[in-house]
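Protein sequences appear in the order of chains C and E.
For the first sequence, the positions run 1 to 318 when this note's numbering is used.
For the second sequence, the positions run 1 to 327 when this note's numbering is used.
Rather than coming from a laboratory, the hints here were simulated on the basis of the structure.
Just so you know, these numbers come straight off a predicted model, no measurement behind them.
Every residue gets a Cβ at the ideal spot worked out from N, C-alpha and C, and that includes glycine.
The reader is advised that the hints may include incorrect statements.
[Stated by the list, open to error] To give an idea of the interface, some chain E residues facing chain C are shown, with a C-beta separation under 8 Å as derived from the structure:
#	residue
1	D145
2	A149
3	I259
4	L289
5	L303
6	S311
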Amino acid sequence: MIQFLIKRLIGLLFIVLGVTFITFMLGYFAPSDPIKEMMGAHFDYQTWQQLRHAYGFDLPWYHQYFNFLMRLARFDLGTSFHPQQRAVWDIIKDGVPISVELAFWGTVVTLLLGVPVGIWSALKANTWVDTFNMTVALTLYALPVFILAVFVQIMILWVNNAGISWPVIGWGTPWQYSWSDIQYKLAPILTYGAAGYAYYARLTRTTMLEVLRQDYIRTARAKGLRERAVIYRHALRNAVIPLITVIGLLLGLLVTGSFFIETLFGIPGVARITVDSVFQRNYPVIQATTILIAIGVVLGNLIADVLYHLVDPRIKTE
Amino acid sequence: MDRKAKKPLSPFQESMRRFRRDTRAMISVGALIFLVLLAIAGPPIYKHIGGTYLSDFGAPIGPAIYHSYDHQELSNQNEGPSARYWLGTDNLGRDLLARLMQGVLISIIVALVVEIVDVVLGVIIGVLAGYHGGWTDTLLARFTDLIFAFPGLLFAILLTGIFGQSASDYLGSLPVVGPFLANGNGPLVIVSLALALVSWPLMARYVRGQTLQLKQQQFIEAARSAGTSDVRIILHHIIPNIFSIVFITSTLDIAGTIIGESGLSLLGLGVRPPGSSLGLMIADGADLLEIHPWNTLLPTIVLTVIVLSISFIGDGLRDAFDPHTKD
Numbered sequence: 001m002i003q004f005l006i007k008r009l010i011g012l013l014f015i016v017l018g019v020t021f022i023t024f025m026l027g028y029f030a031p032s033d034p035i036k037e038m039m040g041a042h043f044d045y046q047t048w049q050q051l052r053h054a055y056g057f058d059l060p061w062y063h064q065y066f067n068f069l070m071r072l073a074r075f076d077l078g079t080s081f082h083p084q085q086r087a088v089w090d091i092i093k094d095g096v097p098i099s100v101e102l103a104f105w106g107t108v109v110t111l112l113l114g115v116p117v118g119i120w121s122a123l124k125a126n127t128w129v130d131t132f133n134m135t136v137a138l139t140l141y142a143l144p145v146f147i148l149a150v151f152v153q154i155m156i157l158w159v160n161n162a163g164i165s166w167p168v169i170g171w172g173t174p175w176q177y178s179w180s181d182i183q184y185k186l187a188p189i190l191t192y193g194a195a196g197y198a199y200y201a202r203l204t205r206t207t208m209l210e211v212l213r214q215d216y217i218r219t220a221r222a223k224g225l226r227e228r229a230v231i232y233r234h235a236l237r238n239a240v241i242p243l244i245t246v247i248g249l250l251l252g253l254l255v256t257g258s259f260f261i262e263t264l265f266g267i268p269g270v271a272r273i274t275v276d277s278v279f280q281r282n283y284p285v286i287q288a289t290t291i292l293i294a295i296g297v298v299l300g301n302l303i304a305d306v307l308y309h310l311v312d313p314r315i316k317t318e
Numbered sequence: 001m002d003r004k005a006k007k008p009l010s011p012f013q014e015s016m017r018r019f020r021r022d023t024r025a026m027i028s029v030g031a032l033i034f035l036v037l038l039a040i041a042g043p044p045i046y047k048h049i050g051g052t053y054l055s056d057f058g059a060p061i062g063p064a065i066y067h068s069y070d071h072q073e074l075s076n077q078n079e080g081p082s083a084r085y086w087l088g089t090d091n092l093g094r095d096l097l098a099r100l101m102q103g104v105l106i107s108i109i110v111a112l113v114v115e116i117v118d119v120v121l122g123v124i125i126g127v128l129a130g131y132h133g134g135w136t137d138t139l140l141a142r143f144t145d146l147i148f149a150f151p152g153l154l155f156a157i158l159l160t161g162i163f164g165q166s167a168s169d170y171l172g173s174l175p176v177v178g179p180f181l182a183n184g185n186g187p188l189v190i191v192s193l194a195l196a197l198v199s200w201p202l203m204a205r206y207v208r209g210q211t212l213q214l215k216q217q218q219f220i221e222a223a224r225s226a227g228t229s230d231v232r233i234i235l236h237h238i239i240p241n242i243f244s245i246v247f248i249t250s251t252l253d254i255a256g257t258i259i260g261e262s263g264l265s266l267l268g269l270g271v272r273p274p275g276s277s278l279g280l281m282i283a284d285g286a287d288l289l290e291i292h293p294w295n296t297l298l299p300t301i302v303l304t305v306i307v308l309s310i311s312f313i314g315d316g317l318r319d320a321f322d323p324h325t326k327d
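In isolation and in its complexed conformation, chain E is listed as follows (with noise of 0.2 Å):
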């Protein structure tokens, strides 16, 4: 009986194949999409469960309010795990789990928006300064060496030490995400802000690379030739082929983000109470080390269970994409 030929598979679908045999980078994807869809989907059903208990106000209060993360119950400080606070309560009785999963959530917003940012600006002006070269191409290079210069988390400390606080007082008027921002994360948009300003010139310094390596290529020669507009090459033959390195740059980039957040968090320039991250939880937590280690210990496995996942993952990318190892 004929076999149908098969369609062969485009590069990008190779190496994700190759991608998919890597173990170690596998049951990290795993543990990721476990945390992601513990930090979305947890705190709605987490709400709904559990029975009613007298609060210290002396009314009945349901799961909705005490497994929130910013509701304090002071009567039940540094509990251990129990039927009503499945992990148990930090120093101010707030259930640690809630704020587990609102610390990932925030960890999990604040990498998106800056890997938005990022790819963004680090695409359009990597690319511009590849294809176009001169002022652009220049230009890029003296703001990549003075981000180099000036170390990232200064800038950052710099950047939400000094407005982090006014954040939190102007954007808790804006419309839709106001009460979020209002709630003690104003200061992660600033965070975000400075995050994204420090990593997108190494995105465009990898693109530009690329855009470069791509122009030499004999395709572009011929588009060109053809006829074909700059706008048209770009958008229809570089972009495309300079997917693989974003897509792995930006990997590696998250968990940079994450660290990033959290340690801003820890020294209290990021999330401010009542919010939740995992830094600021792991700050919370410090003073009562010797007597309540879970505080800490919780927060911090979160954290290093994220960091270890997308750092295995982005080695398993490097390792599938890396035209040395291929057959």
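Same shape as in the complex, but just chain C (with noise of 0.2 Å):
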């Protein structure tokens, strides 16, 4: 085990490697001069060069990418340029709580809400409440998180209409949850975990199906337990199994969706930052965003190896 997380922890250096050359390099070749930005009306050939030799512009690229990777190995993430100089990391941190809250109330959504409809969907399999879950789910799956998120806001306003005061868009105070918090989370976070549920609801009740057709579940039955016995302890735990192996793709849903879901609902997370950042060219705030999603990324899949392989016995970590 310790072998297989070392192993793993060495291919995240490599992916985050690539992540930081990556976005190091569109940096780079990016095609604003920051610091003819910072001295607008006052430009001068003189300080210009002296400024850029100051901050390091005129060396080769590899010797650029080296500074970087040794300042994010700092944990210095640099200084933006609007507004100037002030530090990323203060920028970015009023949004990492907001992002991570909603992150996690989607998946609570996603998990809470799918596997229990997909079980539901597979012991009713065929039958009218199996095909209009499997409809809802479709649908709710091959939409874009954008539409669904136009048609929710419309419904939001169909509500004020009648005269229920409802807000359409706001996050109210982040990790409270107080009346007027819940009225501004709660529609985002039901979109939000859409697309999740639909997924984990099919996945689930495929996995399910193909479970409860096991000669074991038959033994089962045989050997006299209850129906509930039958599914609690016996098909549920084998049908999880896929489910988690299928995180990653969760993770990627979750990062997908936030930039919509905080541009469409004016929630200030950190996807939100980054949209602003590469309007205003922020080129700093845009490549510490960046490198954060996609550590995050690979983390939440290591994770999520590091489950399957604990929950699934039979799984030899070589």
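Got two chains here, each in a separate frame; can you build the complex from them with the hints?
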């Protein structure tokens, strides 16, 4: 197990290097010159050369990349371009708890709604319950998240027109749950978790059906076990194994969805900061958030892999 | 009377026959064909229908002008459907139907370009990795890991955000496609590039898997022992047999590409005004959702139809080509 972890961590290191390299290259080839913009109307060639030297922009690219990595290793994310010289971490740090909260509740919705509905559909396979659930799931999965968001916002507007006041955009206080906070957070979280919910509902139904066909389930029933015991003690434990392997996909959905949910619902999380920085050409912030997000995804995949090996004793960790 | 013996159908033809029996998929094919025809043939026809009206600037204009997707009539903002504007106007007085048709056309163009690159790159590298193995295979595996770790949308956002604007400036000077690209569509090249870069590894993976499977088969062994060169084996035996998996994967991928392009345009990173894209239309109308919902609802509905149709077709294709359901 330890060997497996070490190998995976080394792989993680390579991926992080790759991600930092790509992000650095994008910043290096970016068409705007931060020093020129900083100098603005006071541009003069001499000062420009001096500033370039001071910031290390006249070094060859591999040297700059090396400096970049060294700064990262010290957790120094640099200073931003707009507003001038504000620490990047300062800009990001408010968004992180919000994005984490959004991702957390989105995952809760996905797992706590998706898996039971999948089991329910499997137990009632081919009845109207099953068909209804699966059609809903297919639609929610096929539709892109920003379309769902638009529909949800239209529904909230109808609710508002009917007299009940419900906010359309915004996010209350991070990690607080007064009634006002819940009003802000309910719609975005449900929309965010919808795609994952649909995926897990369909997948759980498939794996559950597969497991219920197995001989050991027949044995359990023949032994006279109550149906509940059959499902929870035997079927479920085997059915969830494939669910853990696709956590990586869920992470991908979470990251992709966060950009749209945060932009459309006006939530000041990390993804929206990234999008705003892209428009402002604030490259240090873009680089920092990209690396953060990529590391998060890779770590998440690693955790999912470890869980997978823990849950299924048949898998050997070579 | 003797019935002539019917020539047995190839596996591909049999699968297509099964596909034709899937009602949901066939309706989706019909819907998509309708939208494609609308996008291609619609604008030229639409530009000839309608009378002459007085424009804001005092001169009379014909449908060739006011039925185009970028013409603004600021005195006719947010109107409902009328004889002049068949589906109404948006918040800048532009014809919604014309913008919808242009948006669908953009989606089709981007989807085609990305799929072509995806298939060509994916097949070449996938077959090489599967057939020769060795460093091509390891390289592909590492590359795929990197692409999966670096969320595709993030990469597309970075690429389009950083290079999008300059793309418009540089590409506008190209000979044939210049005017089209300068009209707000320049970032599409970057968008297509980004989307193609993040989708080919998956295609290559599937192709590699199929190639590995095929390599074990006896007919390949026979070909090799007969002295057929590797190149001939690849071209004549392997590539025809990976056709179905490439077909299905690219169909499913097209939905993702269209969603990706709309999403990027919605964030403001894809097509810029005065161009039109379904995502851009949705974003433009989002502020006016309470008072003029149709500005956003129309592109949303069209996009929903496109995406659901492709999903149903993909599901139908998968079921039709699935060896487990063969009788």
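Is the shortest C-beta separation between E/I259 and chain C less than 8 Å? Holds: closest Cβ of chain C sits about 4 Å from E/I259, inside 8 Å.
Are E/L303 and chain C close enough, Cβ to Cβ, to be under 8 Å, as the hint says? holds, 6 Å
Would you check whether E/A149 satisfies its interface hint, that is, whether its CB is within less than 8 Å of any CB in chain C? Holds, because the Cβ-Cβ distance from E/A149 to chain C comes to roughly 5 Å (cut-off 8 Å).
Quick check on the hint: E/L289 CB to chain C CB, less than 8 Å? At 6 Å from the nearest chain C Cβ, E/L289 passes the 8 Å test, so the hint holds.
Given hint E/S311 near chain C, where the shortest CB pair must fall under 8 Å: With a closest approach of 4 Å, the E/S311 hint holds.
Answer holds if the nearest beta-carbon of chain C is closer than 8 Å to that of E/D145; otherwise answer violated. It holds, given that the least Cβ distance between E/D145 and chain C is near 7 Å, below 8 Å.
When the structure is compared with the earlier hints, no violation turns up for any of them.
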